[in-house]
Amino acid sequence: MLNDILKILENDARTTPKQIAEMTGMSQAEVSRLIKQALKDRTILKYKAIVNWDQVEDEHVWALIEVKLTPQKDVGFDSVAERIYRFPQTRTVYLVSGTYDLFVLVVGKSNHEIADFVSQKLSHIEGVNETVTQFVLKRYKEDGEIVEGKEEVKRQPVIL
Amino acid sequence: MVSKSKLGVHSKKYHISKRTNQLSPSGIRKFFDLLASIEGVISLGVGEPDYATPWHIVESAIESLEKGQTMYTSNLGMPELRQELARYLQHHYDLQYDPNTELLITVGVSEALDLAMRAILDPGEEVIMPDPHYVAYDACVILAGGKAVTVPTYEEDSFELSAADVEACITDKTRAILIGYPANPTGAVMSREKIAEIAEVARHYGLLVISDEIYAKLVYGVEHTCVAALPDMKEHTILLGGFSKAYAMTGWRIGYAAAPKEIIAAMTKIHQYTMMCAPTMAQVAALEALRSGEESAAEMVEDYGRRRLVMVKGLCDIGLSCFEPKGAFYAFPSIKKTGMTSEEFAEALLKEEKVAVVPGSAFGDCGEGYVRCCYATSMADIEEALTRIKRFVSRHQRS
Ligand SMILES: Cc1ncc(COP(=O)(O)O)c(C=O)c1O
Chain X
1 MLNDILKILE NDARTTPKQI AEMTGMSQAE VSRLIKQALK DRTILKYKAI
51 VNWDQVEDEH VWALIEVKLT PQKDVGFDSV AERIYRFPQT RTVYLVSGTY
101 DLFVLVVGKS NHEIADFVSQ KLSHIEGVNE TVTQFVLKRY KEDGEIVEGK
151 EEVKRQPVIL
Chain S
1 MVSKSKLGVH SKKYHISKRT NQLSPSGIRK FFDLLASIEG VISLGVGEPD
51 YATPWHIVES AIESLEKGQT MYTSNLGMPE LRQELARYLQ HHYDLQYDPN
101 TELLITVGVS EALDLAMRAI LDPGEEVIMP DPHYVAYDAC VILAGGKAVT
151 VPTYEEDSFE LSAADVEACI TDKTRAILIG YPANPTGAVM SREKIAEIAE
201 VARHYGLLVI SDEIYAKLVY GVEHTCVAAL PDMKEHTILL GGFSKAYAMT
251 GWRIGYAAAP KEIIAAMTKI HQYTMMCAPT MAQVAALEAL RSGEESAAEM
301 VEDYGRRRLV MVKGLCDIGL SCFEPKGAFY AFPSIKKTGM TSEEFAEALL
351 KEEKVAVVPG SAFGDCGEGY VRCCYATSMA DIEEALTRIK RFVSRHQRS
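Residue numbers (the working numbering), protein chains in the order written: chain X, 1 to 160; chain S, 1 to 399.
It should be emphasised that the hints constitute simulated quantities derived from the structure, not laboratory data. Hints should not be assumed to be uniformly reliable.
Claimed, not checked - For lysine-lysine, the following DSS-like pairs were computed, each having C-alpha atoms within a straight-line distance of at most 30 Å:
1. Lys194(S) - Lys154(X)
2. Lys7(X) - Lys217(S)
3. Lys194(S) - Lys390(S)
4. Lys7(X) - Lys390(S)
5. Lys40(X) - Lys18(X)
6. Lys154(X) - Lys337(S)
7. Lys337(S) - Lys18(X)
8. Lys194(S) - Lys18(X)
9. Lys46(X) - Lys36(X)
10. Lys154(X) - Lys147(S)
Claimed, not checked - Partial list, derived from the structure: chain S residues whose beta carbon lies under 8 Å from chain X:
11. Lys30
12. Leu35
13. Val41
14. Met276
15. Leu309
16. Cys316
17. Gly319
18. Val358
Ideal Cβ positions, reconstructed from N, Cα and C, are used throughout, including at glycine.
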């Protein structure tokens, strides 16, 4: 039941409880209650828009940073990760398997700003051993949405 | 004699066959032309998914083209596809079909229907089918030289076909009963018991059941009954299935027939001369759909299910009584309270509110008084269409 609601909201966060009730056959009160609960227990973290910043005169620079950590006594990866994700520049921080440990997605106003963040902040954090910064050149798909040139499927208006 | 009317010349320059002329002269043509002339229409008149084909299916076909898989296949269809199809039917319905003799890959259910009729009918022989029905059913019978005998079905019975009514239509010329559930245009699904009764009649009179199960996967909260899987029915059934609706593959033109080997052999004879084989790239795509399309299909069905609830409740709230369609992607509300015919309703709704629906009368006499609304369209369009229909109906309410 909650899963149905979450799927609908993940697809379109603006769907109202009334609409969800109609789509699922649940009562509106029940839908509202489940959503409230989901917000409270942070099953739903936030409602946001997916913005195509390339459409506006606003320079945004994105970078994917691979971070290698040095295992430290008594301090897990979590605490190092926290010192990193507290920075508002970081948009996404994942612990990953493979050749590096943390995947960090950073947004800044310029290459310069990001370079500063990496050299002044990130690389100084205790436990951070090595970083590899990759600047994003073009965003093709964002959060499941094709950024440019998404085509409408054309159908004949009437087919018997 | 060449007949001339004041309105125009009925040219006899070209002779058109009687059979072709016998096909219903699409009274709906006028409606199509009107539709084409209006901009900004929200269409609930479509009969296909609003999704593009799932990418993994498209990609498999592209790859096959890149590899040069561009030749004819066996007349029956690619062996791998028939084997996979046999596995599919076994898995879903516990049905055993021999992929070498009992399965035929066709150019959609459309071709399979045509082949089935031509393979089994001699001139004047009869096929019993429900009214309303999908538009190609009677046409295929007529083109095969047969006669379509329709059995009325009613909203009060959830548009289910009654076995007794079918039995009452049987003559010594009857060869088959043609059904298609979940149904276009009503969205009706026959219960297992009701289908079993029809099957019983077929067996008793030695008739074939031709079962168009193209919407088999599109059911909501009920189970689809495969006619061939009913006890002792495999040898009495021509099962027609497709990919168009479940996997959003209407443009690929691919489907299949499963039937006793004598019938498949006869159908294949016609197919080999008229079609050679189904498009090769579409066969590759169908293979991918069967192998790993279950999840994409289920996601789409889940989504149709939500829209179905919104559409049906919306129509009922407007006061257009609508029986609950349990399958396909159509709602079939009654518009009788407006006092208009289906065609008048559809035309006026299109002109006044720019919403396209299909007059129920296009599907047979029993469709009169209803319109078909397809909910395989975006939720936003469904809601806007409902708002417009509401405005329209309150304006035209007969008090
Ligand atoms: C009931 C029914 N059968 C068959 C078809 C045609 O299917 P295909 O695309 O496989 O030829 C349709 C398409 O609208 C349909 O509604």
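So, going through the hints one by one against the coordinates:
1. About 38 Å separates the Cα atoms of Lys194(S) and Lys154(X), which puts this hinted pair outside 30 Å; it is violated.
2. For the hint linking Lys7(X) to Lys217(S), the alpha-carbon distance of about 21 Å falls within 30 Å, and the restraint holds.
3. For the suggested pair Lys194(S) and Lys390(S), the alpha carbons sit about 35 Å apart, so the restraint of at most 30 Å is broken.
4. The suggested pairing of Lys7(X) with Lys390(S) holds, with an alpha-carbon distance near 29 Å, which does not exceed 30 Å.
5. For the hint pairing Lys40(X) with Lys18(X), the CA-to-CA distance comes to about 20 Å; that is within 30 Å, so the pair holds.
6. Restraint check for Lys154(X) and Lys337(S): the C-alpha separation of about 34 Å exceeds 30 Å, so the hint is violated.
7. With a C-alpha separation of about 28 Å, the suggested pairing of Lys337(S) with Lys18(X) holds against the 30 Å cut-off.
8. Straight-line distance between C-alpha atoms of Lys194(S) and Lys18(X) comes to about 37 Å, which puts the hinted pair past the 30 Å bound.
9. Proposed proximity of Lys46(X) and Lys36(X) is supported: the alpha carbons are some 12 Å apart, at most 30 Å.
10. The suggested pairing of Lys154(X) with Lys147(S) is violated, with an alpha-carbon distance near 37 Å, which exceeds 30 Å.
11. Because the smallest distance between the Cβ of Lys30(S) and any Cβ of chain X comes to about 12 Å, over 8 Å, the interface hint for this residue is violated.
12. With its C-beta approaching chain X no nearer than about 5 Å, Leu35(S) sits inside the 8 Å limit, and its interface hint holds.
13. Against a cut-off of 8 Å between C-beta atoms, the interface hint on Val41(S) holds, since the closest Cβ of chain X lies about 6 Å away.
14. For the restraint placing Met276(S) at the interface with chain X, the shortest Cβ-Cβ distance is roughly 26 Å, beyond the 8 Å limit, so the hint is violated.
15. Nearest Cβ of chain X to the Cβ of Leu309(S): about 6 Å, under the 8 Å cut. The hint holds.
16. Because the beta carbon of Cys316(S) sits about 11 Å from the nearest beta carbon in chain X, more than 8 Å, this interface hint is broken.
17. For Gly319(S), the shortest C-beta to C-beta distance to chain X is roughly 17 Å, which exceeds 8 Å, and the interface hint is violated.
18. Checking Val358(S) against chain X by beta carbon gives a least distance of about 6 Å; that is within 8 Å, so the hint holds.
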